[in-house]
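Student: Chain by chain, the residues:
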Amino acid sequence: MNNTRRTVLKGAGATATLSALIAAGALKPTDVFANEWNKAAFEAKDAAGALKGIGAGTTADSKDLLLTAPDIAENGAVVPVGVISNIPNTTSISILVEKNPSPLTSSFEFANGAVADVAVRLKLGQTSIVRAVAKADGKFYTAQKEVKVTVGGCGG
Amino acid sequence: MSSMNRREFLQILAAASAAGFALDAPNVLAAGKGDALYELPKFGNVHLMHMTDSHAQLLPIYFREPTVNLGIGGAFGKVPHLVGEHLLKAYGIKPSGSEAHAFTYLDFVEAAKTYGKVGGFAHLSTLVKRIRASRPGSLLLDGGDTWQGSATALWTKGQDMVDACKMLGVDIMAGHWEFTLGDKRVMEIVEKDFKGKIDFVAQNVKTTDFGDSVFAPYSMKEMNGVKVAVIGQAFPYTPIANPRWMVPDWTFGIQDENMQKTVDEARAKGAQVVVVLSHNGMDVDLKMASRVSGIDAILGGHTHDGVPQPVKVPNKGGITLVTNAGSNGKFLGVLDFDVKNGKISDFRYKLLPVFANLLPADAEMAALIDKVRAPYLGKLNEKLAVSEGLLYRRGNFNGSWDQLILDAIMEVQGADIGFSPGFRWGTTILPGQAITFDHLMDQTAITYPQSTLTEMSGEQIKTILEDVGDNLFNPDPYYQQGGDMVRVGGLEYTCDPNSNIGNRIQDMRLKGKPLDASKKYKVAGWAPVGEGVTGEPVWDVVARYLRDKKTITPRKLNQPKLIGMAGNPGIA
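Note that the protein sequences, when read in sequence, are chains A and B.
Numbering of the first sequence is given in this note's numbering, commencing with residue 1 and proceeding in unit increments.
Numbering of the second sequence is given in this note's numbering, commencing with residue 1001 and proceeding in unit increments.
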């Protein structure tokens, strides 16, 4: 464990942490916030509606879109999910939890060749497909994984 | 042949052959056949001994293997989902010998009387020393579930097992129930007791904040001129199957990608042999072996499967051997590799049953065990009741020990329905044997032992049964948790393991009447994973019941009706 780094970051506070991430290219606030809030997509009540909302009516599976998520969530309230797109010219990544009341959880836009690499913590109400959708050169690509949410206990 | 002289032995031998008895009765075995059983010719130049899931059983015990261990989907009819005769047939083990007794439930009571108790750290120690003597440089690997499972392990916070493992000469260890002692206690043992002696390894335990490794992912050792890497794999679902609040800052999971990176790193650093010391459970290990390449063997535990020979799993790097070494100190696995010119050319594997009658107790270890138990003997040896029937736990749906716990908690708590966790640890009691407090703790000694009485709707009850059923029968092993089905008292049901979550549990009935989805029922249980639950420790509840009954009649097991399981070789 790197306790020095942990202490430094805790001491520096959340703002510094965020700045560090921005400096590292993980977040591009201007790019993210410059866009209009996509009300239709974020308020859609099912996955099809959310996909339609972000313009991804048709998608293709892609091995270059890497989705990391646990097989079984340790805590459904904070499920760590990561998405990396190695598809050239990726301009956006969206993440859906298909069984959530509002499936679209987040949408990130990348400009000027920014590295398409995001990590979020999502709330899952129940076992669901988690889906990543990347946009590159006007086309939509997808990757998915089922994440199980369980009541726990009784193991071993 | 500890307490028998040569003349007595010859008399027994004569009597046995006159009566036409099988010649591997215990006394006969002790006089020399034991040597044959444990005579394992040295092979190759890399030697790994593997023990796992001893569940803190320092003394020899009885342990009955399951009659129900169903394989669903792709696991149908495959190892480890073979029971009884199916298992014997698959491995060419002769029926009604000592090995048949070790690996199956067949004729359990009679065979247990013939062959005696199994395991025990003093006897295991003798075997370990014997293997070490024939295989200089060999490593002893402990797959975990070592610091939990007995009264003394609970009361000493695992210290009895830590000291016993150091004396036994464990070199490298992985973990699961260890974590239920809490993160601070685990770190204290790893950083103080184990320092410079035992490497506690886990590639899949990370901090929740930055994802840093909590433990060394692997240990690199040099043996007879060969570099050997042992990668640790903790039980991936520890914070789900056990209380998460006990390890709040750690995250687990299977983590295939990180496993591959770790294997590649060990190879890049010169490892010629790479093994994983795993607490995944055998089905998860089999899948992992197909997805990750470059592992020579996965030495597995968790699911308590006594598997006589490794399964050879093909993957893009070649073949990975997958083993599982049973539980409760009953077995010691010995894996030999012959490494020539930096490559493994061949291997030998044997899963040796530890028959206490055939292996004299190691004096130093026996003394340590006596010392550990001495302060508690009065409490441990209290005879609570006598059991008329066989009491065991292992099996997918229920065991007679679990039924006894259910009967006790339901009666004491005045409940309609009882739930008892599907743990796979816990020793066996023969008909006529006294149940001591020590035995009761073998079934219940956990750090979250509260008994509970909860009002649950029929719908909630169904949700819980479906959820646990999916942890057991999901066709994808990565969604399984490796325990058995929650034991259910009072409520009758039908189970269709081949179905999907939501549809496996059917026709739930209480005293003949269908369960009402909206009605509330009183449910007795124990082992809550949530924080802050209060309740009397379950062992006190059950002890009261046993003292009151004095004689425990054979239990009537509440088992579900099964759909679609005819012809499954995972059920007797």
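In case anyone wonders, no lab produced these hints; they're calculated from the structure.
These figures come from a predicted structure and were not determined experimentally.
Note that beta-carbon positions come from the ideal geometry of N, C-alpha and C, so glycine has one too.
A portion of the hints provided could be inaccurate.
Said to hold, decoys possible - Listed below are several chain A residues computed to face chain B (Cβ distance under 7 Å; list not exhaustive):
1. Pro70
2. Asp71
3. Pro88
4. Val149
Said to hold, decoys possible - Each computed EDC-like pair below joins lysine to aspartate or glutamate, with the alpha-carbon atoms no more than 20 Å apart:
5. A:Lys145 x B:Asp1470
6. A:Lys63 x B:Asp1470
7. A:Lys145 x B:Asp1476
Student: Of the numbered hints stated previously, which ones are contradicted by the structure, given in increasing order?
Tutor: 3, 4, 6
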